[in-house]
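Engineer: Protein chains in written order, with numbering that gives the first Met the number 0: chain H, 0 to 224; chain X, 0 to 224.
Hints are not guaranteed to be accurate.
Just so you know, same-sequence chains aren't split out, so a pair can sit in one copy or run between any two.
[Claimed, not checked] Think about it this way: if two alpha-carbon atoms lie no more than 25 Å apart in a straight line, the pair counts; the simulated SDA-like pairs of lysine to any residue are: (1) Lys98 / His59; (2) Lys98 / Leu109; (3) Lys98 / Val35; (4) Lys98 / Ala48; (5) Lys98 / Ala15; (6) Lys98 / Arg54; (7) Lys98 / Thr203; (8) Lys98 / Thr53.
Hints are computed from structural coordinates only; laboratory data are not their basis.
For clarity, every value in this text was computed on a predicted model and none was experimentally measured.
There are 2 protein chains.
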Amino acid sequence: MSTGPTPTPPRPQGRAEAAELTALRLVATARRAFAVQGFAQVSLDALAAEAGVTRGALHHHFQNQAGLFEAVFRAVDAEIGTELDVVYEAQSDPWAGMKACYHAYLDLALRPDRARILFRDAPAVMGARAMDILMNSGFATIVEDLADLIAHGRLRPLDPVATAHLLNGAVMAQALWLAGCEGGTDAQRSAAHTALEAVFDGLTLPPYATQTALDVFLDSLSEQP
Amino acid sequence: MSTGPTPTPPRPQGRAEAAELTALRLVATARRAFAVQGFAQVSLDALAAEAGVTRGALHHHFQNQAGLFEAVFRAVDAEIGTELDVVYEAQSDPWAGMKACYHAYLDLALRPDRARILFRDAPAVMGARAMDILMNSGFATIVEDLADLIAHGRLRPLDPVATAHLLNGAVMAQALWLAGCEGGTDAQRSAAHTALEAVFDGLTLPPYATQTALDVFLDSLSEQP
DNA sequence: CTAACTCACATACGGACCGTATGTCAACTG
DNA sequence: CAGTTGACATACGGTCCGTATGTGAGTTAG
Chain H
0 MSTGPTPTPP RPQGRAEAAE LTALRLVATA RRAFAVQGFA QVSLDALAAE AGVTRGALHH
60 HFQNQAGLFE AVFRAVDAEI GTELDVVYEA QSDPWAGMKA CYHAYLDLAL RPDRARILFR
120 DAPAVMGARA MDILMNSGFA TIVEDLADLI AHGRLRPLDP VATAHLLNGA VMAQALWLAG
180 CEGGTDAQRS AAHTALEAVF DGLTLPPYAT QTALDVFLDS LSEQP
Chain X
0 MSTGPTPTPP RPQGRAEAAE LTALRLVATA RRAFAVQGFA QVSLDALAAE AGVTRGALHH
60 HFQNQAGLFE AVFRAVDAEI GTELDVVYEA QSDPWAGMKA CYHAYLDLAL RPDRARILFR
120 DAPAVMGARA MDILMNSGFA TIVEDLADLI AHGRLRPLDP VATAHLLNGA VMAQALWLAG
180 CEGGTDAQRS AAHTALEAVF DGLTLPPYAT QTALDVFLDS LSEQP
């Protein structure tokens, strides 16, 4: 067999692989353009030229500008998902892992190259589907983990599905709000994290639910205007 | 003087009044169009025709489509402001009045003919200025009232400006989130109100800060999925 | 091995739409 | 009453998008 055909051919690149590459190149180029210029300011002509193809190729892979945007949107969402997997694995405790993921989501999703796409343009371009997609990313996993935590007595006996909606809604609200303020000030971002921590405290069993995080946050308001 | 010229002439309508009328007509027509079709789907040709003028008149009053949108945006924001004044006056207690205003803001701003303009299209069209304008609507008044409440011992000794930012940010985050979900379900809306009430509880002095509202909300999650 | 077929992509076309530049006529002013 | 201002209409140029059609390389069947 010597240097026989590898299971993943590296060079030959049949027609299908080449097509997928151009689609990926278009998505990558579009992502950069959408992030810095915004959806409405991006010209498909310029975009295709920058990607080294014509608009014909673009319309072959994506129905229209909104379709291309949705592909970019899903790519960014998926990318955050894989990064969150790393965050989760780094924590030994499942409850700590879940909390770390929500905190990390705020930072990861609000990165300048992502915030505009996810939270500023997506609602206008995709409507309610935008938030639906973001909310349901890894939703099933969250529900499972919550059910486990509740079953093991780590959390109050809440409905896992409703609680997952609550947590996702809370973090999404903070993200939308901060994205609308150009990422927000450092104080605003830390306030969002503290508010999130307060929600987590509320989910734990009574001995842990002291609402200390919210108190600390409110007290800090007295000092730094 | 008999029937001399009234201070607000009802009929004659000089050139200035007529011009203002057409501008108002354009804003009113645009508001309806933006609310139902969304910014990007509105044609200025059709808009001007529906208002009974040409696009030349439109561009005489507004620089471009974004300028017209911003006029509509500010009109909606101002309209909510006057409605909130009524809500505030209906409450005898200043703290109750402030709380009622924030709760009312959620309902008033999320009305179907307003939510899309304020929270879905505005961030894409106007950028960060959108949230800036909404945040600063009546901001000075809120700060004054908070300072009074704190001085009279109704609230914890917090910085009024920072607290006003906190409250406005909280209600704006809830509104943005619900607007992204097509107004949200009834359960989501009541959850937003409950979360808001929890923040209010946290601002009151220790004897009142029992976080009961959040507890009630969390307990309710166990029953209705 | 070759001929037919498929498909990724390019080219060409028609049309909607926007912003500006220019024209016009009524209302105001000295 | 003549000059000026300003509100609005008309006309034009240009950008951009979506589709329809053409083409040539890659794939497959016989």
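Engineer: Quick one: which hint numbers does this structure break? Sort them smallest to largest.
Structural biologist: 1, 3, 4, 5, 6, 8
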